[in-house]
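J.: Sequences are here, hints too, so could you generate the full structure?
These protein sequence lines map, in sequence, to chains A and B.
By the numbering used here, the letter at position 107 of the first sequence is numbered 949, and the numbering carries on one by one without gaps.
By the numbering used here, the letter at position 59 of the second sequence is numbered 901, and the numbering carries on one by one without gaps.
Any given hint could turn out to be false.
Where chains are identical, the list cannot tell them apart; a pair therefore holds if satisfied intra-copy or between any two copies.
To be verified - When the alpha-carbon atoms are kept at most 30 Å apart in a straight line, the in silico DSS-like pairs for lysine-lysine are as follows:
(1) K890 / K877
(2) K930 / K957
(3) K923 / K957
(4) K932 / K877
(5) K932 / K957
(6) K923 / K890
Honestly, the hints are just simulated from the structure, not real lab data.
Protein chains: 2
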Amino acid sequence: MPCEKQGKGMAQTNGGESRRSDCPIACALDIVGDKWTLLVVRDLALGKRHFESFLDSPERIATNVLSDRLRRLENLGFVSKNVDQSDKRKSLYLLTPRGQELRTLMRYLARWGLKNIPETELLDGAR
Amino acid sequence: MPCEKQGKGMAQTNGGESRRSDCPIACALDIVGDKWTLLVVRDLALGKRHFESFLDSPERIATNVLSDRLRRLENLGFVSKNVDQSDKRKSLYLLTPRGQELRTLMRYLARWGLKNIPETELLDGAR
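T.: If you want it as structure tokens, here you go:
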């Protein structure tokens, strides 16, 4: 569990990282406070399942960053990684039921961006 | 203007940084996709005005990070910096009308964190 408490007054874990405070904003940023995590969630929500397909998105995520974010989302219980039965050399990434909650956050961010940042538009498939 | 376009098909600026795509999520993350910016916005929303007072928050932001985020928010038009008339050696930081929009985003994040991360609670003054 991200930000699970380990004891009153003690440092808490967030996927192995320390919790900065009990503030929900700080804890949420401990999970998604970077430039890439919610873009990976966006691509999962758009139906991307294979590692290579994420690399095609317009932001051109680097392979090491993508590996790191998928692994982190998996460790936090937001993403599952399974063998693709149609091609067993490949992995299939899916949002878990818990991970579906990240779509809410992603939608909030999209709504805010559309309203406040000029000339933004949702990617095809996200409308 | 963050993410203002400079020309069709050209790289766009976001406070001097390049825009990764027109996706509102990517553009929003270009502004707030780090662990500290929205915590500074939280503190501004809670009424903090002086540099030193941000340092007292439970997350213990480092002075160089705080300087950077305040300068960046000022450059993006979200924060104004003025001389404190009651002590002219000090600066007063305030959210601009444009910066008030960041409170919406901060509230979204707080709502999500409260719902999805165990044992989170709003700081005193934010209830």
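J.: Which numbered hints are broken by the structure, listed smallest first?
T.: Failing hints, ascending: 2, 5.
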